[in-house]
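Q: Okay, here's what each chain looks like letter by letter:
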Amino acid sequence: MSDSRQPLLKVRDLKVTFGKGRHEVSAVAGVSFDIYPGETLGLVGESGCGKSTTGKALMRIIEPSSGSIELEGSSLIGRKGKALRNFRTHMQMIFQDPISSLNPRRRVKDIVAEPLDCWKTVSGNERDVLVSDLLSKVGIDPKVYGNRYARQFSGGQCQRISIARSLAMRPKLLICDEMVSALDVSVQAQILNLLEDLKSEYGLTLLFIAHDLAVVKNVSDRVAVMYLGKICEIGPSDALYEAPAHPYTKFLLGAALEADPDSPMHNQVLEGEPPSPLNPPSGCRFRTRCPNATDKCASEEPQPQELAEGHFVSCHYPLTIQKK
Amino acid sequence: MSDAVHELLVVKDLSTTFTTMGGPLPAVSDVSFTLARNETIGIVGESGSGKTVLSRTIMGLQPRTNVTVTGSVLLNGNEMVGATESFKRALWGTEVAMVFQDPMTSLNPVMRVGKQIDESLRVRLGMSKQDAKTRAIELLELVGIPSPAQRYMAYPGQLSGGMRQRVVIAIALAGSPKLLMADEPTTGLDVTIQAQILNLLDDLKDRLKMSVVLVTHDLGVVATRTSRIVVMYAGRIVEIGSTRDVFSRHRMPYTRALLDSSPKVSNASHTRLVAIPGRPPNLLQLSAGCSFAPRCSFATDKCHKERPELQAADEPGHAFACWNPLPTTMEQQS
Ligand SMILES: Nc1ncnc2c1ncn2[C@@H]1O[C@H](COP(=O)(O)OP(=O)(O)OP(=O)(O)O)[C@@H](O)[C@H]1O
Ligand SMILES: Nc1ncnc2c1ncn2[C@@H]1O[C@H](COP(=O)(O)OP(=O)(O)OP(=O)(O)O)[C@@H](O)[C@H]1O
Ligand code: SF4
Ligand SMILES: [Mg+2]
Ligand SMILES: [Mg+2]
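These protein sequences, in sequence, are chains A and B. The numbers in the working numbering rise by one with no breaks, and the one at position 91 of the first sequence is 91. The numbers in the working numbering rise by one with no breaks, and the one at position 220 of the second sequence is 1220.
Hints listed in this document are in silico derivations from the structure and should not be mistaken for laboratory results. Just so you know, even glycine gets a beta-carbon here, dropped at the ideal spot from N, CA and C. Be careful, since some hints might not be right.
For each label pair, taking beta carbons as the anchor points, the in silico distance ranges come out as [as the list claims (entries may be wrong)]:
| # | chain 1 | residue 1 | chain 2 | residue 2 | range |
| --- | --- | --- | --- | --- | --- |
| 1 | B | Leu1284 | A | Gln305 | 57 to 63 Å |
| 2 | B | Pro1294 | A | Ile61 | 37 to 43 Å |
| 3 | B | Pro1024 | A | Glu63 | 51 to 57 Å |
| 4 | A | Thr89 | B | Thr1187 | 34 to 40 Å |
| 5 | B | Thr1020 | A | Arg5 | 52 to 58 Å |
| 6 | B | Met1111 | A | Ser263 | 39 to 45 Å |
| 7 | A | Glu63 | B | Gly1188 | 26 to 32 Å |
| 8 | B | Gln1158 | A | Ser299 | 29 to 35 Å |
Chain B stretches covered by chain A per the calculated footprint, using a threshold of three residues with CB under 8 Å from any CB of chain A [stated by the list, open to error]:
| # | stretch |
| --- | --- |
| 9 | 1165 to 1179 |
| 10 | 1271 to 1279 |
With the rest of the complex left out, here is chain A (with noise of 0.2 Å):
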């Protein structure tokens, strides 16, 4: 199934290191993934798990020390000056704070064409009548709005522009960052329902990150969840949210709360914190919270396993039966 389709993204054992020496951090420690064309890939984890370094090694807006990206077979690793730029294209990266990544002293419309005016692409008239269009497919009318100034707007409009500017180089890959995360619930709606409208009119693939498991499972076909700068389950996600197979999964799950006065209570909740990156636990990176680990939790790290079609998980004691 999964691995009859040629993957748009191929990342493989991906490591991004910061500082040196006593100092290291290991913030993405080895971590594997496909994106298959047209699909949304959720990355959930909480703060400080590498979620955001991800996706930023994926652009090579940070450098990764390690491991393999490939986009449609080629290699992004290595790639330099115009070759680099140029691959960029095909991928675009949205961020949580959609104020401060515009430039509040420029009109919407010339925000939306920085990137058609970098690479030109387009101009004069052309340019104009696509960045037309690219603002009104996002709902913002290009002849009330298009020369206002950035600043004159509110984060839902923010993060539309954001995504009008993102799709100017007609990107293969779309990398969201919290792209909601700061956003009223009527709002992210909003802007949720028009990704998805986006997404298939553009033919788009997605990671999307971000911390909120309900945003994700909303958005997503597939999810992986990180731990402590490493995937510890991977899987579809209406499956991998009915029955997680990793205790992470299990306690982050139980943690989110629904807008449901009959939602049972939680009791079993995760105590303690993560670990320091600085110094991650042998083994297991959870084992040191997690209820079930065993002396083998700490001196041999779980690799990898596939429960079900595309399910994997690693965890020695993985709390759903492995697929024979």
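Chain B with the ligands: place on chain A using the hints.
A: Coordinates of chain B with the ligands only, in the frame set by chain A:
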């Protein structure tokens, strides 16, 4: 008044208006509700709906100038509106204490956390240095901080966000307040840490027999932890009732819209959300009608012209402000 005897907090016709360059800004308008002893009430609403201004007004923490407060806040029988600074100061800490969203803003970054707790104890309760230290360590333990004696010496920057929020809660509890105002106490924290903090607040409320006002934009936070809920929109209460009534028998279209636009973990992937078009109104340019009318799919002419007052629903304590309320369950069946 008999209310004051049974209820710890009685808020009546409370309005807070700021004087701004653009004119008067009504951040909170005509808010009334009561809170019983040992009860938790939730205040929910989107950004700018007036939750923080309301909480601060109840505490008597508004700025000295450019603000007009009318109405009444009776806190354990003490009128907070118009009270002098020294009168309020005597109540802060012992009658009411507040936990803010960002623990960094309420902690002094260059002072050891233990000292910050000591200070509240010595100033508010006049404890000796030695007693204060002993009590501070007890409080750190009470809020679930591991190795409290060591953490007593830590600076805020050396603690995680979750630990800092626990410290803030410890400071709030120092004077054994009867009312804890918690304004977005878990916003920005990870879900597992959020669960820990909410459980802690629940547990403390019962152990210390406190009442809690839990302010949040997240309906998930209040769903299972409050007995009643206030829904705010553009500075006004648009619906109030028992948690169950607000979630399951809401009559105000905004309450419904807020619930519908929240993504749910139980949704299948690619579930389309019911978004609310537009965004909340500019408080400087409120219309004479219902503030939600421009975004409401049920709005009629009347809604744009005349403001609906809160009216009682069938259930006791349940009220909503809407000219075209959603049908009751009974009406839906017939
Ligand atoms: N430029 C940097 N220099 C040093 N350490 C860094 C740097 N950027 C990130 N880190 C560290 O790397 C780890 C992963 O950070 P990252 O921002 O990727 O986490 P995240 O999962 O995106 O968290 P959040 O949910 O808070 O956004 C953290 O321990 C962080 O402190
Ligand atoms: N000191 C002030 N002067 C003028 N206007 C103010 C002041 N403080 C708050 N406001 C305004 O009052 C309104 C209500 O703000 P408030 O902070 O109470 O909202 P909130 O519901 O707490 O929102 P959030 O969820 O973003 O915290 C906003 O429009 C805000 O801009
Ligand atoms: S390997 Fe051990 S510690 Fe890690 S998750 Fe599985 S049981 Fe827990
Ligand atoms: Mg991040
Ligand atoms: Mg607030």
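Q: Count the residues of the stretch 1165 to 1179 of chain B whose CB lies closer than 8 Å to any CB of chain A, then report whether that count reaches three.
A: n = 0 at 8 Å, threshold three: violated.
Q: Measuring from beta carbon to beta carbon, are A/Thr89 and B/Thr1187 in 34 to 40 Å?
A: The hint (34 to 40 Å, Cβ to Cβ) holds, given that A/Thr89 and B/Thr1187 are roughly 37 Å apart.
Q: I want to verify a distance hint. Is the separation of the beta carbons of B/Gln1158 and A/Ser299 within 29 to 35 Å?
A: 31 Å Cβ-Cβ, so the 29 to 35 Å window holds.
Q: Taking a Cβ-Cβ distance under 8 Å as contact, does the stretch 1271 to 1279 of chain B have three or more residues in contact with chain A?
A: holds (count 8)
Q: Mind checking the hinted window 39 to 45 Å against the Cβ distance between B/Met1111 and A/Ser263?
A: Holds: the Cβ-Cβ distance is about 40 Å, inside 39 to 45 Å.
Q: Can you let me know if the beta-carbon spacing of B/Pro1294 and A/Ile61 is within 37 to 43 Å?
A: Since B/Pro1294 and A/Ile61 have Cβ atoms about 40 Å apart, the given range 37 to 43 Å holds.
Q: Please test the hint of 51 to 57 Å on the beta carbon pair from B/Pro1024 and A/Glu63.
A: holds, 54 Å
Q: Taking the Cβ atom of B/Thr1020 and the Cβ atom of A/Arg5, is their distance within the range 52 to 58 Å?
A: holds, 57 Å
Q: Do the Cβ positions of B/Leu1284 and A/Gln305 conform to the proposed distance bound of 57 to 63 Å?
A: Holds, since B/Leu1284 and A/Gln305 (Cβ atoms, about 60 Å apart) stay within the stated range.
Q: I want to verify a distance hint. Is the separation of the beta carbons of A/Glu63 and B/Gly1188 within 26 to 32 Å?
A: holds, 29 Å
In this structure, only the earlier hint numbered 9 is contradicted, and the remaining ones agree with it.
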